[in-house]
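Protein chains: 2
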Amino acid sequence: MADKENGQTVQLGPDGQPMSKKGLKKLQKEAEKAAKKQERQKQIQQAADATQQDDFAKGCYGNLPMIQSREKVDRELKPIAAVDQSMDGQKIWVRGRLHTSRGAGKQCFFVLRQRQYTIQALLSVGSEVSKPMVKFASTINLESIIDVEGIVRTTDVKVTSCSQQDVELHATQVFMVSSASPRLPLLIEDASRSVTSEELATVNQDTRLDNRVLDLRTTANQAIFRIEAAVCQLFRDALTQRGFVEIHTPKIISAASEGGANVFEVSYFKRHAYLAQSPQLYKQMAIAGDMDRVFTVGAVFRAEDSNTHRHLTEFVGLDMEMAFNYHYHEVLKVIGELFVSIFRGLQTKFESEIETVSKQYPAEPFKFLDPSLVITFPEAIKMLRDSGIEIDEEEDLSTPNEKLLGRLVKAKYDTDFYILDKFPLAVRPFYTMPDPNNPKQANSYDMFMRGEEILSGAQRIHDPEFLLERAKHHAVDMEKIQAYIDAFKYGCPPHAGGGIGMERVTMLFLGLDNIRKTSLFPRDPKRLTP
Amino acid sequence: MADKENGQTVQLGPDGQPMSKKGLKKLQKEAEKAAKKQERQKQIQQAADATQQDDFAKGCYGNLPMIQSREKVDRELKPIAAVDQSMDGQKIWVRGRLHTSRGAGKQCFFVLRQRQYTIQALLSVGSEVSKPMVKFASTINLESIIDVEGIVRTTDVKVTSCSQQDVELHATQVFMVSSASPRLPLLIEDASRSVTSEELATVNQDTRLDNRVLDLRTTANQAIFRIEAAVCQLFRDALTQRGFVEIHTPKIISAASEGGANVFEVSYFKRHAYLAQSPQLYKQMAIAGDMDRVFTVGAVFRAEDSNTHRHLTEFVGLDMEMAFNYHYHEVLKVIGELFVSIFRGLQTKFESEIETVSKQYPAEPFKFLDPSLVITFPEAIKMLRDSGIEIDEEEDLSTPNEKLLGRLVKAKYDTDFYILDKFPLAVRPFYTMPDPNNPKQANSYDMFMRGEEILSGAQRIHDPEFLLERAKHHAVDMEKIQAYIDAFKYGCPPHAGGGIGMERVTMLFLGLDNIRKTSLFPRDPKRLTP
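Just so you know, the sequences run in chain order A and B.
Just so we're aligned: 489 in the working numbering is position 489 of the first sequence, and the numbers increase by one with no gaps anywhere.
If you count the second sequence from 1, you need to add 530 to reach the working numbering.
Honestly, the hints are just simulated from the structure, not real lab data.
It is possible that some hints are incorrect.
[What the hints assert, rightly or not] Straight-line distance between alpha carbons at most 30 angstroms, and here's what the computed DSSO-like set of lysine-lysine pairs gives:
#: 1; chain 1: B; residue 1: Lys563; chain 2: A; residue 2: Lys489
#: 2; chain 1: A; residue 1: Lys42; chain 2: B; residue 2: Lys970
#: 3; chain 1: B; residue 1: Lys1019; chain 2: A; residue 2: Lys58
#: 4; chain 1: B; residue 1: Lys567; chain 2: B; residue 2: Lys661
#: 5; chain 1: B; residue 1: Lys567; chain 2: A; residue 2: Lys472
#: 6; chain 1: A; residue 1: Lys359; chain 2: B; residue 2: Lys1019
#: 7; chain 1: B; residue 1: Lys970; chain 2: A; residue 2: Lys440
#: 8; chain 1: A; residue 1: Lys37; chain 2: B; residue 2: Lys1019
#: 9; chain 1: A; residue 1: Lys333; chain 2: B; residue 2: Lys879
[Stated by the list, open to error] Looking from chain A toward chain B, a few residues come up when the C-beta cut is under 8 angstroms (computed):
#: 10; residue: Gln68
#: 11; residue: Ala299
#: 12; residue: Thr399
Using N, Cα and C, we set each Cβ at its ideal position, and we do this for glycine too.
Start from the sequences, fold in the hints, and give me the full structure.
So, in structure tokens, the structure goes:
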């Protein structure tokens, strides 16, 4: 839809935005330079072709023309992951990146990589392979994409540096599909190195993020983002099985808290609008609209100038909301089961990906209980006090206390995940249902992984008059909450829910140290690119 | 996470935004009014209680205290959908909304509704039911949520106005769970009426959207948003089965086309940023990052002042991108199969929901072919010319011509879905791969449902130098595209993809006339609420 929606006459950028004509001169210069470079390459190619005139391997190597879908090619490319001893002696084609390469006179050893899979290949002067052909292969830049034809051979010794350890490929044809620049801002080998290796170079976070297209190619990153996709899928599947319906809530909202702290402002035609910090209001309206059980996966925005290992200005929220019959623990139970589904699903279906990540970023395997552990806030306070912390019962947990509590819970219950129920009423928002059995408590909970909060939720007040009373108590802006209160005027079932940070769940499940490792293109106060 | 992320001391609104203290006075007044109202209600309740003193049905009716999770109640509420003849004679509890109610002296007939399911109930003065109890039931406002205990009785005549046609409930207890305001801005009955009924009142679009929590309760809307959830799920399932990985792309982007038409601007700390109009760049970077096949579901933003039946300023994009071997038709085939999966999945698994929608909004059942029909742009031009339209081969299709072409294709091939391949190069963006076999064509396609475009896509140029050349030809802003071009500098496989508008697919599959019917909380140039 990108192209059409914007009309046909305007030139569009890659993000569908129309382009201004500024910088045109610069562009032309660049284009001229490019044209010259192309000309030079043509000459080099012609020279190569000339050499090939006298070359018996002519036509078995060189630069492929850019793949422009000129014709349908009837050639099967085998996935590198599938190449094993069962193919011994077969001549096959594979496509991959040149991962490493070592030319030595009449031979060129190289490793081909396709995502997390690698295979060793050998090009050796002989009856099918000429000297110029080996020379050509030796000069290919790392990270270029090449098509290789070769014969699969079982190796005597295991190739421990590759994923395909029992075979190698004796190349008979080599063609360049897409050439990489000779100077790479980072080497995949460096970017893939375990954090425990102290002597060899690694790549710092900013260099990685600045060059994310290269960084994403490491096997750890290939695994991390497959695991993150699974977190989403397991979240949706567990809820869909329990009768939840997926909804999509607007990101642009009118609700103008004139204060406007922590909220991004948007120019909306001639008005001001804001980016939603949570889909909560819309989830609740869906409940008031009889949708009964809903979830939504989408971007949420926080204009906080927090530069920490766990804050992003834009992240993916996994949100759910559910009507219940008599007690919000009906919902707490569903959320507890949901997390068990996610953790168990990851550990059973993504075992090899988890292992791949731990090779670069070692971590204790994630532990959880089934059913999920629930402890109450007063119990948590007691545990903290017992370990020497001075803390008030109506006080919220500080980040260090959360971490400590995580360690205490792990020591006592052997779980990295737990639910903390019955937060003090005073530290929760006005729309949180107070606990009728204890005026200082709320029907409100957080959930933690490895001592860090990954979900916050509560029973919400579904009665408009009580909501008004609580709003008055909290002295909130009336104008702002009128629309919110109106949502409950036409009858609303009791309900509770919560919001999960997707990147945090992935980070903490894998025991990673920075949320930027689990955000494909992270946004923080200092980073808006790429 | 909403609560915690924003710190504990600030009062938060329902969308997690902190509140200013403005309007506090107004708030206090409202709260005082509410307190007075509550006082009045208390008096009424006390009067009712007094009456109940002498009432043998005392304790079998009245207002439940607000469900605040005071205690766990050991009572099973039966889903209304499950109540049928097999329960004849059983005493059960159900919870539902008072859909309609008719009190007549010693009897009160009412219909209970739970989402799309309805059951008739009868409260009749007798040995268990007192006169004050019937009076109480008769005065309950429509749309209130009530708990009813009753005996299931098979009816002699089918109750054709309800979903549960063979049974009714002889009520023995009635309690108010959540009271609706006596004055409803729209009646569910009116909002549910078929568009073909000419004499009776219906509800206009704006009234519906202004009161979406009521509007969503119609059976048609319950069905529409279940179908829309299924569109997403079928999209993801079909691609996941084919090895695609879900990704999440940033909505806040730095890319500053200084012109800035059609793009929403965001204040980002002390800088300016923009809302992404498409995830295309990020999908392509994921491909350059070796993710091979990716999809993403998320909000996309268009600051177009288009007030039509099919434009939104914020909608949900179902986007996919895929590396291919030699020809972009490998991708076209996958997308064609994807749509077949979606259409077939909807028609087989959501037959009853589709029927429900068609009762209110009648439409011809959606037709499609397997495999999907592909026609080329020149073929389309010929079809249009044959039916008397003057049109140039390098011209884009106008909306009326798209519609006409849809009718011509339907007449000739009996399908409501088709793929139009080989658009003129001149009308496509600079990053579109030209057709090497025809300089006037591009490897670019749109897809249509009932004559309206729902996907636009293409083979993208994966070669940075050729991209620069095409950018020069289109005179695009160099500064803007540098980051885009850089993404391809380190080798990139040939790839193609496209973006689908979720709301459009749902609208056109169901034959609805307005995209606002398939957006839960639509955003257009004039609407930012609720």
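To see whether the hints hold, each was checked on the structure:
Our distance criterion of 30 angstroms between C-alpha atoms is met by B/Lys563 and A/Lys489, whose separation comes to about 15 angstroms. This hinted pair checks out: A/Lys42 and B/Lys970 have alpha carbons roughly 25 angstroms apart, not beyond 30 angstroms. For the hint linking B/Lys1019 to A/Lys58, the alpha-carbon distance of about 28 angstroms falls within 30 angstroms, and the restraint holds. Pair hint B/Lys567 plus B/Lys661 holds up; C-alpha atoms about 27 angstroms apart against a cutoff of 30 angstroms.
Taken as a hint, the B/Lys567 and A/Lys472 pair is honoured in the structure, with Cα atoms around 15 angstroms apart against an allowance of 30 angstroms. For the proposed pair A/Lys359 and B/Lys1019, the alpha carbon gap of about 29 angstroms is at most 30 angstroms, so the pair holds. A C-alpha spacing of about 73 angstroms is found between B/Lys970 and A/Lys440, which places the hinted pair above 30 angstroms, so the restraint is violated. At most 30 angstroms may separate the alpha-carbon atoms for a hinted pair to count; A/Lys37 and B/Lys1019 meet this at roughly 14 angstroms.
Restraint check for A/Lys333 and B/Lys879: satisfied, since their Cα atoms lie roughly 29 angstroms apart, inside the 30 angstroms limit. Evaluation of the A/Gln68 hint against chain B yields a held restraint, the C-beta minimum of about 4 angstroms falling below 8 angstroms. Here the hint on A/Ala299 is kept, as its CB sits about 5 angstroms from the closest CB of chain B, short of 8 angstroms. At its closest, the beta carbon of A/Thr399 sits 10 angstroms from a beta carbon of chain B; the interface hint therefore is violated under the 8 angstroms criterion.
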